[in-house]
Amino acid sequence: MALVTALILLVVITLVGLAAVRGTVMQQKMAANFSDRQIAFQVGEAGLRQAHIVVQALQPSLPPSRPTLPATIRDCSPKAATVIKCMANPLSDGTLPAANIQSVAKASFDAGNLAAAQPQYVIEYMGNFSGPAPSVIDLGGKGRTYACTDSPTSPSKNPCADFYRITVRSGPAAGGDRATVVLQSVFRR
Numbered sequence: 001m002a003l004v005t006a007l008i009l010l011v012v013i014t015l016v017g018l019a020a021v022r023g024t025v026m027q028q029k030m031a032a033n034f035s036d037r038q039i040a041f042q043v044g045e046a047g048l049r050q051a052h053i054v055v056q057a058l059q060p061s062l063p064p065s066r067p068t069l070p071a072t073i074r075d076c077s078p079k080a081a082t083v084i085k086c087m088a089n090p091l092s093d094g095t096l097p098a099a100n101i102q103s104v105a106k107a108s109f110d111a112g113n114l115a116a117a118q119p120q121y122v123i124e125y126m127g128n129f130s131g132p133a134p135s136v137i138d139l140g141g142k143g144r145t146y147a148c149t150d151s152p153t154s155p156s157k158n159p160c161a162d163f164y165r166i167t168v169r170s171g172p173a174a175g176g177d178r179a180t181v182v183l184q185s186v187f188r189r
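Each residue of the sequence shown is one higher than the one before, counting from 1 in the numbering used here.
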């Protein structure tokens, strides 16, 4: 009888031990996934900063003219020579030319061994619009648009600006089982 009781207690203690090991392994996996996601987010932010530097280096345009865009910037403006439908996430757009997906050079930012790869970004020119002054969103506008009437001699209350949409991902889409983060910002120039 004592032998049977001892064996039952041994089985119960073994099951409790296995459950504890399983919980520890699960916590390690969750911590590793969280760490991988944080690294991917930081890599994406670095790519966003690099794309902002590229846009800042462009020459602004004065209406009604448009800026001269390099071949690496996609023209999604309503006045583009060929009007194209630009998806909200251009990195998942099958019609996006491969030349528009830029990788951040290692000289600008080195993602290191912890990251899946160097960040990639797409810059899209959205058009020249008048933004509300000061830089606030017109929540009650109900579709109201502002006329873009700037000229070098008579600037308007609502100055015109070039708007660029920047989309960044922390690494290539074929990153395997690594976390991928997609960030997007609209840059007013």
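Some clues are possibly wrong.
DMTMM-like cross-link-like pairs, simulated, lysine to aspartate or glutamate; straight-line CA separation at most 20 Å [stated by the list, open to error]:
#, residue 1, residue 2
1, K29, D177
2, K85, D75
3, K79, D177
Rather than coming from a laboratory, the hints here were simulated on the basis of the structure.
List of violated hint numbers, smallest to largest: The structure breaks only hint 3.
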